[in-house]
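> For the record, the sequence lines run as chains H and F.
Note that the first sequence ends on residue 145 in this note's numbering; no numbers are left out.
Note that the second sequence ends on residue 137 in this note's numbering; no numbers are left out.
I should point out that these hints are in silico values taken from the structure, not numbers from a laboratory.
Errors might be hidden in some of the hints.
[As the list claims (entries may be wrong)] Here are the simulated lysine-lysine pairs, DSSO-like style, with alpha carbons at most 30 Å apart:
id, chain 1, residue 1, chain 2, residue 2
1, F, 2, H, 30
2, F, 124, H, 30
3, F, 2, F, 73
4, H, 30, F, 73
5, F, 22, F, 96
Here's the letter readout for the chains.
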Amino acid sequence: MFSRLLVPVDGTPEALEAVDAAIAIARICKASIHLLHVVPSFPAVTYLAERVGATRELYEQEAGARALAWLGQAREHVLGAGVACEGDYTFAARIHDAIVDVARDYDCDLIVMAAPLRPGMLSNLFTSEAQAVMQAAVTPVLAWR
Amino acid sequence: MKILLPVDGSLYSTRAARYLAKHWPADASVTLLNVDAPLRESIAGHLDADSVARFHLDNGTATLRPARRLLVKAGHLFDERLLIGDPATEILRLAKRGRYDLVVMGSHGRGVLKSLFLGSVVVKVLAGSNVPVLVVR
């Protein structure tokens with residue numbers, strides 16, 4: 001049985017479906033859910049920033065606010081289903097690395113994340129974030145679709 | 001919940017079975033699956049159909065053994081399927097036709113170099129599955 005599930009969310013409807021799946025598992029196992037939103041760190045978007053004239057402070061402030069909004073939406077969903085929940089966002093250059101680190105730091109025993117099926121050949125050309133996490137994590141990964 | 005567990009008899013697939021037996025809630029009904037590679041025509045051509053069938057049956061039964069023991073011990077209801085063909089194709093087909101809720105697979109690689117890769121069958125299943133996939137390594 002699981003005790004703590006890590007659910008990375010990115011604000012998409014697919015991610016919320018993965019949250020639903022995690023809720024179903026958490027209810028059976030009486031587990032808690034740890035929500036995580038990873039924001040690409042400022043240096044990763046520097047080139048874009050030069051064009052829009054943003055500063056690091058402004059970027060982090062606004063990205064943080066949006067992350068909190070997404071997390072709040074997901075957290076309400078989880079708490080509404082009667083499952084214990086915590087959540088946080090973090091800045092990282094490589095999203096899958098941040099997910100793996102958090103899974104380790106918080107002793108999560110399962111990572112549940114959305115891995116939407118891309119149509120046709122696209123699925124062979126672009127590996128999903130979930131696949132990157134699988135390659136890097138010791139924790140089992142449930143690719144939800 | 002209907003779970004499909006394809007195994008190839010390796011350490012990795014046994015690890016996935018152990019994980020499932022240990023962690024998954026008791027209401028899981030697990031189907032063990034082994035997909036055996038077909039015999040080459042140059043070999044199969046010299047054998048009668050019965051011998052070929054027995055060969056695959058023996059192969060498949062031996063491959064399922066370690067995972068079967070773990071699942072029986074855990075009390076998961078289960079069923080067994082032995083198929084012949086390309087592993088990824090047969091796994092995807094059965095997952096879809098059998099209306100499974102989840103596919104659980106073991107993946108190769110814990111070492112420094114090996115951890116850069118997932119098994120090729122896992123990658124193909126991930127790329128084509130309509131069903132959620134749980135990868136255990």
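> Evaluate each hint against the coordinates.
We went through each hint and held it up to the structure:
For the given pair, residue 2 of chain F sits about 21 Å from residue 30 of chain H by alpha-carbon distance, which is consistent with the 30 Å threshold. Our distance criterion of 30 Å between C-alpha atoms is broken by residue 124 of chain F and residue 30 of chain H, whose separation comes to about 33 Å. Our distance criterion of 30 Å between C-alpha atoms is met by residue 2 of chain F and residue 73 of chain F, whose separation comes to about 18 Å. For the proposed pair residue 30 of chain H and residue 73 of chain F, the alpha carbon gap of about 23 Å is at most 30 Å, so the pair holds.
The straight-line distance between the Cα atoms of residue 22 of chain F and residue 96 of chain F is roughly 26 Å, inside the 30 Å bound, and the hint therefore holds.
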